Amino acid sequence: MVVLSLTGCASDPAPTEQLRLTEQALAQAKAVGADEQVAELAMAEAKLLQAQSAMQRDAFKEARVLAEQAELDARLAEARVLTQKSQDQLNELNNRINRLRKQLGEL
Amino acid sequence: MNARIPLLGGVLSALLLSGCAGSQQQSSNEALEAARSSFQAVKENSDVLRSAPKDVIRAGESLARADRLSSYWGSTDDVSHYAYLSQRYSEIAGQNSALNLNQERAAKLELERQRLQLALREAKLLSVQEQSNWLEEQMVSLATSETERGLVMTLGDVLFDAGQANLKASANRTVLKLVQFLQLNPRRVVRIEGYTDSRGDKLENLELSRARAQTVADVLIDLGIDSKRIEVQGHGESFPVAENASAMGRAQNRRVEIVFSDEQGRLGLAR
Chain A
0 MVVLSLTGCA SDPAPTEQLR LTEQALAQAK AVGADEQVAE LAMAEAKLLQ AQSAMQRDAF
60 KEARVLAEQA ELDARLAEAR VLTQKSQDQL NELNNRINRL RKQLGEL
Chain B
0 MNARIPLLGG VLSALLLSGC AGSQQQSSNE ALEAARSSFQ AVKENSDVLR SAPKDVIRAG
60 ESLARADRLS SYWGSTDDVS HYAYLSQRYS EIAGQNSALN LNQERAAKLE LERQRLQLAL
120 REAKLLSVQE QSNWLEEQMV SLATSETERG LVMTLGDVLF DAGQANLKAS ANRTVLKLVQ
180 FLQLNPRRVV RIEGYTDSRG DKLENLELSR ARAQTVADVL IDLGIDSKRI EVQGHGESFP
240 VAENASAMGR AQNRRVEIVF SDEQGRLGLA R
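As you go down the protein sequences, you meet chains A and B in turn. Taking numbering that gives the first Met the number 0, the leading residue of the first sequence gets 0, the next gets one more, and so forth. Taking numbering that gives the first Met the number 0, the leading residue of the second sequence gets 0, the next gets one more, and so forth.
Mixed in with the good hints there might be a few duds.
20 Å max Cα-Cα, derived EDC-like pairs, lysine to aspartate or glutamate [said to hold, decoys possible]:
hint	chain 1	residue 1	chain 2	residue 2
1	A	K84	A	D34
2	A	K29	A	E91
3	B	K107	A	E35
4	B	K201	B	E236
5	A	K84	A	E35
6	B	K227	B	E262
7	A	K84	B	E242
8	A	K84	B	E109
9	A	K101	B	E109
10	B	K227	A	D87
11	B	K201	B	D217
12	B	K227	A	E91
13	B	K107	A	D34
14	A	K60	B	D77
15	A	K101	B	D217
The set of hints was computed from the structure by calculation and includes no laboratory data. None of these values were measured; they are calculated from a predicted model.
Make a model of the complete structure from these sequences and hints.
And the structure:
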C-alpha cells in the first residue's frame with residue numbers, strides 16, 4: 000500500500016497547465032472587479048500561493064488539488080461579482096422607472 | 000498469553016488508525032452529502048439548467064467521481080476534493096443563472112423605461128404649450144449669467160416644495176429648456192450645485208442642498224441626458240448670494256445652480 004501510494008505521488012505529472020488556468024481565472028475575476036471583499040477570491044489567492052509552493056517541493060498532486068479548487072473559487076468570485084452588478088443595474092432601472100411613473104402621475 | 004500481546008498491539012494500532020481515518024471519513028461524507036444536495040437543487044431548477052448547462056453537467060461529473068472514490072479505502076481526501084469541486088460548480092451554475100435572469104429582466108425594464116421617458120417628454124411638452132403664456136410670468140428665476148465659473152443658470156427656491164427636494168411642476172419649462180440646450184450641445188457637461196440659506200441645522204442644510212441638486216440631475220437623466228454628463232454637489236449654506244438677514248435674501252440663497260462647461264466639455268473647478 001505504502002509503496003503504491005508513493006509511486007502514485009511520484010508519477011503525478013506537474014500540473015503546469017492547471018496552474019495557468021487558475022491564474023487566468025483569477026485575473027479574469029479581478030478584471031470584472033472582484034477584490035478581497037469577495038471571500039472566494041481571497042480563498043483562490045491563498046490556495047494558488049499554496050499550490051505554487053507545493054510545485055517548488057515537487058508535491059504535484061497537492062499542487063493540482065489546490066490549483067483546481069482555486070480555479071473554481073475564482074470563477075465563483077467572478078460570477079458573484081457579475082451577478083451583484085446586474086442586480087445593481089436592475090435596482091437603478093427600477094428607480095428610474097419609479098421616478099418616471101411618479102412624474103407622469105403628477106402631470 | 001505472550002502471543003496475544005503483539006496481537007493486542009495490532010488491534011490497538013488498527014483502532015487508532017481507524018479512529019483517525021474515521022474523522023476524515025466523516026468530514027468527506029459530509030462534504031459529499033452537501034455536494035449532493037447542492038447538485039440536486041440546481042438539477043431540478045429549470046432556470047439554472049437553461050442558463051448554465053455546462054456547469055450543472057460538471058457539477059454532476061465531479062459528484063459522480065467523488066461518489067465512486069468514496070467506495071475505495073484510503074481516498075477520503077480525493078472524495079472531499081471532488082465533492083468540493085462539485086459544490087463549487089453548483090454554486091457557479093446558480094450564480095450564472097441569477098445573472099442571466101437579471102439580464103433578461105433588465106432588457107425588458109429598459110424598454111419600459113424608454114417608453115415612459117418618451118411619454119413623459121411628450122406630456123411635459125404638452126403641458127408647457129398649454130401653460131406657456133401665464134407660466135412666463137410665474138417663472139421666477141430662470142437667469143443665466145456669465146461668471147468666473149463659466150455659464151451659470153439659477154433655479155430658484157420657488158421651483159421646489161418648501162424644505163423638500165421635490166421639483167414642482169412649474170419647473171418643467173426650465174428643465175425642458177435645459178434638456179434642449181444639452182441636446183443641442185452634446186459635448187457640454189454640467190455641474191449641478193445645491194445651496195440653502197443659513198437657517199436650521201448645518202448638516203441638514205447640506206443634505207437638502209445635495210438632494211435638490213440630485214433631483215434636478217435625476218430629471219435630466221430621466222429626460223434622456225447621459226448621467227456621465229452630470230456632476231452633483233451640495234454646498235449647504237456656503238457661498239450665499241445675498242445676506243441671510245431678510246426673508247428675501249434667504250429666498251435668493253436657497254437655489255440650485257447649474258454650471259455649464261465650455262463647448263469642449265471642460266468644466267470650471269468645483270468650489
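Verification of the hints:
Between A/K84 and A/D34, the direct Cα distance comes to roughly 14 Å. Compliance with the 20 Å bound is thereby established for this hinted pair. Of the pairs offered as hints, the one joining A/K29 and A/E91 is violated, with about 24 Å between alpha carbons and a cut-off of 20 Å exceeded. For the suggested pair B/K107 and A/E35, the alpha carbons sit about 33 Å apart, so the restraint of at most 20 Å is broken. Taking the CA atoms of B/K201 and B/E236, the gap is about 7 Å. The hint holds against a cut of 20 Å.
Our distance criterion of 20 Å between C-alpha atoms is met by A/K84 and A/E35, whose separation comes to about 16 Å. A C-alpha spacing of about 16 Å is found between B/K227 and B/E262, which places the hinted pair at or below 20 Å, so the restraint holds. Distance check on the hinted pair: A/K84 and B/E242 sit about 46 Å apart at the alpha-carbon level, beyond 20 Å; violated. Restraint check for A/K84 and B/E109: satisfied, since their Cα atoms lie roughly 16 Å apart, inside the 20 Å limit.
At most 20 Å may separate the alpha-carbon atoms for a hinted pair to count; A/K101 and B/E109 meet this at roughly 17 Å. Note on B/K227 and A/D87: the hinted pairing holds, with a Cα-Cα distance of about 17 Å set against a maximum of 20 Å. At most 20 Å may separate the alpha-carbon atoms for a hinted pair to count; B/K201 and B/D217 exceed this at roughly 24 Å. For the given pair, B/K227 sits about 15 Å from A/E91 by alpha-carbon distance, which is consistent with the 20 Å threshold.
For the given pair, B/K107 sits about 31 Å from A/D34 by alpha-carbon distance, which is inconsistent with the 20 Å threshold. With a CA separation close to 10 Å, the supplied pair A/K60 and B/D77 stays within the 20 Å bound. Only pairs whose Cα atoms come within 20 Å are accepted, and A/K101 paired with B/D217 is accepted, the gap being roughly 12 Å.
Checked against the numbered hints given earlier, this structure breaks hints 2, 3, 7, 11 and 13; the rest are met.
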